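The hints should help you fit chain B onto chain A, whose structure is shown.
Number of protein chains: 2
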Amino acid sequence: MSFRKNRARLFVDSPLDQGTTVEITGQQFHYLKNVLRIRSNQSVSLFNGSEGEWKTIVTEIATKKIVLFCEAKTREQSNPPDFWYLFAPLKKARLDFAVEKVTEIGVSKIIPVITEFTQNTRISTKRLQTIAMEATEQCGGLKVPEVVPLCPLSEILHEWPRGRALIYCDEMAKCSGKIPSAVSKAGKLAILIGPEGGFSQKDRELIDTLDESCRFSLGKRILRAETAAVAAFSLISWYYGNSYLDQKAS
Amino acid sequence: MSFRKNRARLFVDSPLDQGTTVEITGQQFHYLKNVLRIRSNQSVSLFNGSEGEWKTIVTEIATKKIVLFCEAKTREQSNPPDFWYLFAPLKKARLDFAVEKVTEIGVSKIIPVITEFTQNTRISTKRLQTIAMEATEQCGGLKVPEVVPLCPLSEILHEWPRGRALIYCDEMAKCSGKIPSAVSKAGKLAILIGPEGGFSQKDRELIDTLDESCRFSLGKRILRAETAAVAAFSLISWYYGNSYLDQKAS
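So the sequences go chain by chain: A and B. Okay, so the first sequence: first residue is 1 according to the working numbering, each after it adds one. Okay, so the second sequence: first residue is 1 according to the working numbering, each after it adds one.
Looking at chain A on its own, in the form it has when it is part of the complex:
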């Protein structure tokens, strides 16, 4: 939490290497110049999702761009745990919140799905991608989770990869007080959170056909979908070990 105060930190889509320069334009330019009021010779941290984190120095502030010089690598690349977040879209503010929070806790892919009771099918992948990017900048992560376009749950399940556990949070499941030990040796899993009306019987039957799926109850209380997402990610990430998170990139 003290992180943010100390230095600017941005995701960029450019190569990062000793001595290269990076041009910052658009929204990020506005943020550095007008929000953070950055000056020449100040330092900014950059990461691009593959080449670690770099300390850069402001060498030029023009009217529409800021130029940064890559001085030194400060952290080796690491990746979030290979956890996917599958969810039926919610109303805007609650959805934004859920995406921001699971990104902070650690997720590799964000997958909106249409279940039988899904009400809201108009979501902006681009907006969610921006939220995921800002949350990654914020939390110190080095890889922005990918947000994929909305897709029917049945299609996702039809092409489900072998060996990836699918933990689905279902308020109809019995609460065992145990976290499912469903993760494959490769540490790949997905957490699926239903829409406001919960899963339909048809959804459940569909999910249950998958060998890799298991039901999970978060307890007796009725959590909103976005609360369930944060609670499930907190519990499951913790269960599989904090040291396990942010794996070294191979």
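It is worth saying that the hints were derived from the structure and are not from the lab. Here the structure is a predicted model, which is why all the values come from computation and not from measurement. The reader is advised that the hints may include incorrect statements.
[Unchecked claim] So the derived list for chain A, only partly shown, Cβ under 10 Å to chain B, looks like this:
hint, residue
1, 52
2, 105
3, 140
4, 149
5, 158
6, 220
7, 223
8, 226
9, 231
10, 235
[Unchecked claim] Calculated lysine-lysine pairs in the BS3-like style (CA-CA distance at most 27 Å, straight line):
hint, chain 1, residue 1, chain 2, residue 2
11, A, 55, A, 178
12, B, 220, A, 55
13, B, 178, A, 178
14, A, 92, B, 91
15, B, 174, A, 73
16, A, 220, A, 174
17, A, 143, B, 220
18, B, 220, B, 202
19, A, 220, B, 178
20, A, 178, B, 73
21, A, 65, A, 126
22, A, 91, A, 55
23, A, 91, B, 202
24, B, 92, A, 178
25, B, 174, A, 55
26, B, 91, A, 126
27, B, 126, B, 109
28, B, 143, B, 65
29, A, 92, B, 73
30, A, 220, B, 73
31, A, 126, B, 143
32, B, 33, A, 92
33, A, 92, A, 109
For every residue, glycine included, the Cβ atom is placed at its ideal position computed from N, Cα and C.
Only chain B this time, still in chain A's reference frame:
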């Protein structure tokens, strides 16, 4: 999550007993009449925090009030776990979110405190109390957590009750991957989340003087204060057992 769809559920400040009537006015009247469009003879669930949950029937819809008749008790009174949430206030939306979420997960008292790096000291106890009430209505809880007025952390610690563990989430703590087994036999604890700038050295020294306090790290990532609150409540509530939550009222 399917809960809300089925029936209206309200917290009221009136006695509830077989055959008594309750008048709903103000905001709750507006909610029942204009949002839910409730009709005569429909049922509404009421709870008052001490006499369980009651099924009531709409007997009168007037221009400024709705009258409900208490037909039968549907659930015995139960209370959330005796967990306190202590926090340095955040910006409005993030604060509202944190209060809503910890209420859903289960909390008995909500205590805003001023730490050395606290920026925002203007918060409305009344607004937070309303959020806690609505979240309790939403999640199926039977007791609304009490929101107390903002107070310096030093004062709270000065009068700290014996036997209540204080778990403070500190990003400077070593991450052991273990949840502190700090709860007293009485099951009383408090979770303290610092402000955006984290705790100051002075805050830490002050907290450390308390026998009941212990530090806790949520992992290597830098979580926003409201994410830390939800993650900590999820983990600690789960650790102390879901069956333990919502204790029978004595």
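Consistency of the hints with the structure:
1. Among the interface hints, the one on residue 52 of chain A is violated; its C-beta lies about 16 Å from the nearest C-beta in chain B, farther than the 10 Å criterion.
2. Restraint check, residue 105 of chain A versus chain B: the minimum CB separation of about 7 Å is within 10 Å; hint holds.
3. For residue 140 of chain A, the shortest C-beta to C-beta distance to chain B is roughly 5 Å, which falls under 10 Å, so the interface hint holds.
4. Nearest Cβ of chain B to the Cβ of residue 149 of chain A: about 24 Å, over the 10 Å cut. The hint is violated.
5. Contact between residue 158 of chain A and chain B, as hinted, is not supported at the beta carbon level, the nearest pair being about 25 Å apart and thus beyond 10 Å.
6. With 10 Å as the threshold, the beta carbon of residue 220 of chain A comes within range of chain B, its nearest partner Cβ sitting at about 6 Å, so the hint holds.
7. Annotation: residue 223 of chain A was flagged as interfacial toward chain B, and the flag holds, the nearest CB pair being 5 Å apart, inside 10 Å.
8. Because the closest C-beta pair between residue 226 of chain A and chain B is about 8 Å apart, less than 10 Å, the hint holds.
9. Because the closest C-beta pair between residue 231 of chain A and chain B is about 4 Å apart, less than 10 Å, the hint holds.
10. Annotation: interface hint on residue 235 of chain A holds; nearest CB of chain B at approximately 6 Å, less than 10 Å.
11. For a cut-off of 27 Å, the pair hint linking residue 55 of chain A to residue 178 of chain A is broken: about 43 Å separates their Cα positions.
12. Restraint check for residue 220 of chain B and residue 55 of chain A: the C-alpha separation of about 20 Å stays at or below 27 Å, so the hint holds.
13. Between residue 178 of chain B and residue 178 of chain A the alpha-carbon distance is near 16 Å, which keeps this suggested pair within the 27 Å criterion.
14. Among the hinted pairs, residue 92 of chain A with residue 91 of chain B is consistent with the structure: their alpha-carbon atoms are about 19 Å apart, no more than 27 Å.
15. This hinted pair checks out: residue 174 of chain B and residue 73 of chain A have alpha carbons roughly 25 Å apart, not beyond 27 Å.
16. For the given pair, residue 220 of chain A sits about 9 Å from residue 174 of chain A by alpha-carbon distance, which is consistent with the 27 Å threshold.
17. A hinted pair counts as satisfied when its Cα atoms are at most 27 Å apart, and residue 143 of chain A with residue 220 of chain B qualifies at roughly 15 Å.
18. The straight-line distance between the Cα atoms of residue 220 of chain B and residue 202 of chain B is roughly 23 Å, inside the 27 Å bound, and the hint therefore holds.
19. Taking the CA atoms of residue 220 of chain A and residue 178 of chain B, the gap is about 24 Å. The hint holds against a cut of 27 Å.
20. Taken as a hint, the residue 178 of chain A and residue 73 of chain B pair is broken in the structure, with Cα atoms around 32 Å apart against an allowance of 27 Å.
21. With a CA separation close to 23 Å, the supplied pair residue 65 of chain A and residue 126 of chain A stays within the 27 Å bound.
22. Pair hint residue 91 of chain A plus residue 55 of chain A does not hold up; C-alpha atoms about 38 Å apart against a cutoff of 27 Å.
23. For the proposed pair residue 91 of chain A and residue 202 of chain B, the alpha carbon gap of about 42 Å is over 27 Å, so the pair is violated.
24. In summary, the hint linking residue 92 of chain B to residue 178 of chain A is not supported, as the alpha carbons are separated by about 35 Å, beyond the 27 Å threshold.
25. At roughly 25 Å between alpha-carbon atoms, residue 174 of chain B and residue 55 of chain A fall within 27 Å of each other, so this suggested pair holds.
26. Between residue 91 of chain B and residue 126 of chain A, the direct Cα distance comes to roughly 26 Å. Compliance with the 27 Å bound is thereby established for this hinted pair.
27. Proximity of residue 126 of chain B to residue 109 of chain B is assessed by CA-CA distance (about 14 Å); at most 27 Å being required, the pair is judged to hold.
28. Simply put, residue 143 of chain B and residue 65 of chain B have alpha-carbon atoms about 24 Å apart, close enough for the 27 Å limit, and the pair holds.
29. A hinted pair counts as satisfied when its Cα atoms are at most 27 Å apart, and residue 92 of chain A with residue 73 of chain B does not qualify at roughly 37 Å.
30. Note on residue 220 of chain A and residue 73 of chain B: the hinted pairing holds, with a Cα-Cα distance of about 19 Å set against a maximum of 27 Å.
31. The straight-line distance between the Cα atoms of residue 126 of chain A and residue 143 of chain B is roughly 41 Å, outside the 27 Å bound, and the hint therefore fails.
32. Proposed proximity of residue 33 of chain B and residue 92 of chain A is supported: the alpha carbons are some 26 Å apart, at most 27 Å.
33. Straight-line distance between C-alpha atoms of residue 92 of chain A and residue 109 of chain A comes to about 19 Å, which keeps the hinted pair within the 27 Å bound.
This entry does not satisfy hints 1, 4, 5, 11, 20, 22, 23, 24, 29, 31, going by the numbered hints stated previously.
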